[in-house]
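Read off the chains here:
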Amino acid sequence: MEGFGTKILFEIPILGGIPLTETVVNTWIIMAILTIFAVFATRRFDKIPRGIQNVVEAIVDVINKFTAQTMGEDKKGFSAYMGTLFLFLLLANLFGLFGLRPPTADLNTTFALAIMTFLIIHTNGVRRKGAKKYLKGFLEPFPAMLPLNIIGELALPISLAFRLFGNIIGGVIIVGLLYGGLASLSGMLGITFIPVLQAAIPVVFHLYFDLFAGVLQTFIFVMLSMVFISMAMD
Amino acid sequence: MQPLVGINWDFVFQIINTIIIFLVLKKFLFKPVTEFMENRRKTIEDSIKVAENKNREVDGLKAEYQSKLDSIKEERNEMIKEASKRADQRGEEIIKKAELEAKKIIDKANLDIERERQKALNELKDQMSELVIMAASKIVEKELDKNQHDAMIKEFIKEVGEAKWQN
Chain A
585 MEGFGTKILF EIPILGGIPL TETVVNTWII MAILTIFAVF ATRRFDKIPR GIQNVVEAIV
645 DVINKFTAQT MGEDKKGFSA YMGTLFLFLL LANLFGLFGL RPPTADLNTT FALAIMTFLI
705 IHTNGVRRKG AKKYLKGFLE PFPAMLPLNI IGELALPISL AFRLFGNIIG GVIIVGLLYG
765 GLASLSGMLG ITFIPVLQAA IPVVFHLYFD LFAGVLQTFI FVMLSMVFIS MAMD
Chain B
33 MQPLVGINWD FVFQIINTII IFLVLKKFLF KPVTEFMENR RKTIEDSIKV AENKNREVDG
93 LKAEYQSKLD SIKEERNEMI KEASKRADQR GEEIIKKAEL EAKKIIDKAN LDIERERQKA
153 LNELKDQMSE LVIMAASKIV EKELDKNQHD AMIKEFIKEV GEAKWQN
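Chains as they are written, first to last, in the numbering used here: chain A, 585 to 818; chain B, 33 to 199.
Just so you know, these hints were derived from the structure itself, not from any lab.
Beta carbons: idealized from backbone N, C-alpha and C, even for Gly.
There's no promise every hint is true.
List of simulated lysine-lysine pairs, DSSO-like, C-alpha gap at most 30 Å [said to hold, decoys possible]:
1. K74/B / K631/A
2. K74/B / K713/A
3. K631/A / K94/B
4. K659/A / K74/B
5. K631/A / K59/B
6. K631/A / K81/B
7. K86/B / K660/A
8. K660/A / K74/B
9. K58/B / K713/A
10. K660/A / K717/A
11. K649/A / K74/B
12. K660/A / K649/A
13. K660/A / K63/B
14. K631/A / K659/A
15. K58/B / K659/A
16. K649/A / K59/B
17. K140/B / K649/A
18. K660/A / K81/B
19. K129/B / K649/A
20. K660/A / K140/B
21. K117/B / K649/A
22. K129/B / K117/B
23. K186/B / K631/A
24. K631/A / K170/B
25. K659/A / K59/B
26. K140/B / K128/B
27. K86/B / K659/A
28. K128/B / K713/A
Pairwise CB distance ranges (calculated) [unchecked claim]:
29. V90/B / H706/A: 37 to 47 Å
30. R88/B / M815/A: 39 to 49 Å
31. F682/A / M33/B: 47 to 57 Å
Far from chain A by the CB rule (all over 12 Å, computed), these chain B residues [to be verified]:
32. L36
33. K58
34. R72
35. R88
36. E106
37. K135
38. Q159
39. K190
Throw the hints in and build the complete structure from the sequences for me.
Below, the structure written as structure tokens:
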């Protein structure tokens, strides 16, 4: 079990040592990529779109339309958060393709995102419905359901976080085991300095676990966040 | 190495990271691009509206000019018709006047001819009566009273002459 935990790259020597893990550093890399993309792609915007501007407009337009369609015209304002979630998760889940550890293969990341969604759900629920009507919602359909309703609400971020984490860490573990196995198989064949069997075989696994599962889980996470938030507000 | 499943400092980092990347992407990507596209949509909408208004205006002007042109054509046709009518009238008038004048001249000429003829006739009658008297007096040898005979002969000639000259 311990072998697939996140590596500590550095330790900040305050508060008894705060560890900087692979997860955080890879998240910073993703943040840097997204920031550079956002700043440079939107720097020279022309009335007639050309080149990269088409791509940027298409991305933003798709996210805006998808948000408006899923959450309703009146909750279009969430498109920036949902778009951020989508772009960040997409890059994070695809990080395995570059041989780096996806930040979403750490429960801290997925749980942080799920908790944000949880907070958005409940603050907007209170704001939209008013505190009284919001609290009354926990007594629906009859007051005895109160504990179940509370458990249901608390289960939401946990399921959201573990679904994403489980899918990605599963892929990481399987691909990691595969690489290890292929390396030792290569060794058994007598080739010790280059693990030749690692050359083409992992492609299929990367395609499934990183590309397919990664994109799908991104979509599911964003979609569920949208649905839960809009449900809490309606 | 951190444990595979567990909450630690990373959780705090990731919350902060998420908020930061959200703010950055909102400020640099989603807000400006959405606004830009919205503005462009509005601009296009406006230009289409302006073009439509101009088209409508042009159509109105065209109809106006067409009607003006039509009325001008009509007026022209009317003017031509009237002018030709007037010309016809005038020509007829002139012809009528000319005919009248010609008739007058002819009448006058006829009258003159008649008068001349009468004059010539009277003269002839006078001369003839004298000649007859002269001849008669030669024959009768001054036996007759000149005045009496003269009247008699004149009467005779008149009767004869009228009957004869008229044939």
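Hint-by-hint comparison with the structure:
1. Between K74/B and K631/A, the direct Cα distance comes to roughly 12 Å. Compliance with the 30 Å bound is thereby established for this hinted pair.
2. In summary, the hint linking K74/B to K713/A is not supported, as the alpha carbons are separated by about 34 Å, beyond the 30 Å threshold.
3. With a C-alpha separation of about 34 Å, the suggested pairing of K631/A with K94/B is violated against the 30 Å cut-off.
4. Restraint check for K659/A and K74/B: satisfied, since their Cα atoms lie roughly 21 Å apart, inside the 30 Å limit.
5. Restraint check for K631/A and K59/B: satisfied, since their Cα atoms lie roughly 20 Å apart, inside the 30 Å limit.
6. Between K631/A and K81/B the alpha-carbon distance is near 18 Å, which keeps this suggested pair within the 30 Å criterion.
7. At roughly 35 Å between alpha-carbon atoms, K86/B and K660/A are farther apart than 30 Å, so this suggested pair is violated.
8. The hinted pair formed by K660/A and K74/B meets the criterion: a straight-line CA distance of about 18 Å does not exceed 30 Å.
9. Restraint check: the Cα-Cα separation between K58/B and K713/A comes to about 26 Å, which is no more than 30 Å; the hinted pair holds.
10. For the suggested pair K660/A and K717/A, the alpha carbons sit about 23 Å apart, so the restraint of at most 30 Å is met.
11. Using a Cα cut-off of 30 Å, the hinted pair K649/A and K74/B holds, with the two alpha carbons roughly 17 Å apart.
12. A C-alpha spacing of about 8 Å is found between K660/A and K649/A, which places the hinted pair at or below 30 Å, so the restraint holds.
13. At most 30 Å may separate the alpha-carbon atoms for a hinted pair to count; K660/A and K63/B meet this at roughly 12 Å.
14. A C-alpha spacing of about 28 Å is found between K631/A and K659/A, which places the hinted pair at or below 30 Å, so the restraint holds.
15. Note on K58/B and K659/A: the hinted pairing holds, with a Cα-Cα distance of about 16 Å set against a maximum of 30 Å.
16. Taking the CA atoms of K649/A and K59/B, the gap is near 19 Å; set against the 30 Å cutoff, the hint holds.
17. Between K140/B and K649/A the alpha-carbon distance is near 112 Å, which puts this suggested pair outside the 30 Å criterion.
18. Proposed proximity of K660/A and K81/B is supported: the alpha carbons are some 27 Å apart, at most 30 Å.
19. With a C-alpha separation of about 95 Å, the suggested pairing of K129/B with K649/A is violated against the 30 Å cut-off.
20. About 115 Å separates the Cα atoms of K660/A and K140/B, which puts this hinted pair outside 30 Å; it is violated.
21. Of the pairs offered as hints, the one joining K117/B and K649/A is violated, with about 77 Å between alpha carbons and a cut-off of 30 Å exceeded.
22. Annotation: proposed proximity of K129/B to K117/B holds, straight-line Cα distance about 18 Å (limit 30 Å).
23. Straight-line distance between C-alpha atoms of K186/B and K631/A comes to about 134 Å, which puts the hinted pair past the 30 Å bound.
24. For the suggested pair K631/A and K170/B, the alpha carbons sit about 146 Å apart, so the restraint of at most 30 Å is broken.
25. Between the alpha carbons of K659/A and K59/B the distance comes to roughly 18 Å, so the proposed pair stays at or under 30 Å and holds.
26. Note on K140/B and K128/B: the hinted pairing holds, with a Cα-Cα distance of about 18 Å set against a maximum of 30 Å.
27. For the hint linking K86/B to K659/A, the alpha-carbon distance of about 38 Å lies beyond 30 Å, and the restraint is violated.
28. Restraint check for K128/B and K713/A: not satisfied, since their Cα atoms lie roughly 107 Å apart, outside the 30 Å limit.
29. A beta carbon spacing of about 59 Å between V90/B and H706/A contradicts the range 37 to 47 Å that was offered as a hint.
30. Checked against the hint of 39 to 49 Å, the pair R88/B and M815/A passes, with Cβ atoms roughly 48 Å apart.
31. A C-beta distance of roughly 21 Å is found between F682/A and M33/B, which places it outside the suggested range of 47 to 57 Å.
32. Not every C-beta of chain A lies more than 12 Å from that of L36/B, the closest at about 5 Å, which undercuts listing it as non-interface.
33. For K58/B, the requirement that its beta carbon stay farther than 12 Å from each beta carbon of chain A is not met, with the minimum near 4 Å.
34. Listed as outside the interface, R72/B is inconsistent with that label: its C-beta sits roughly 6 Å from the nearest C-beta of chain A, within the 12 Å cut-off.
35. Every beta carbon of chain A lies more than 12 Å from that of R88/B, the smallest distance being close to 26 Å; the non-interface claim holds.
36. No Cβ of chain A approaches the Cβ of E106/B within 12 Å, the least distance being about 51 Å, so the stated non-interface status holds.
37. A cut-off of 12 Å between C-beta atoms confirms that K135/B is not in contact with chain A; the least separation is 93 Å.
38. No Cβ of chain A comes within 12 Å of the Cβ of Q159/B; the nearest lies about 127 Å off, and the non-interface call holds.
39. With a least CB separation of 128 Å from chain A, K190/B remains clear of the 12 Å interface cut-off, as annotated.
When each numbered hint is compared with the structure, violations occur for hints 2, 3, 7, 17, 19, 20, 21, 23, 24, 27, 28, 29, 31, 32, 33 and 34.
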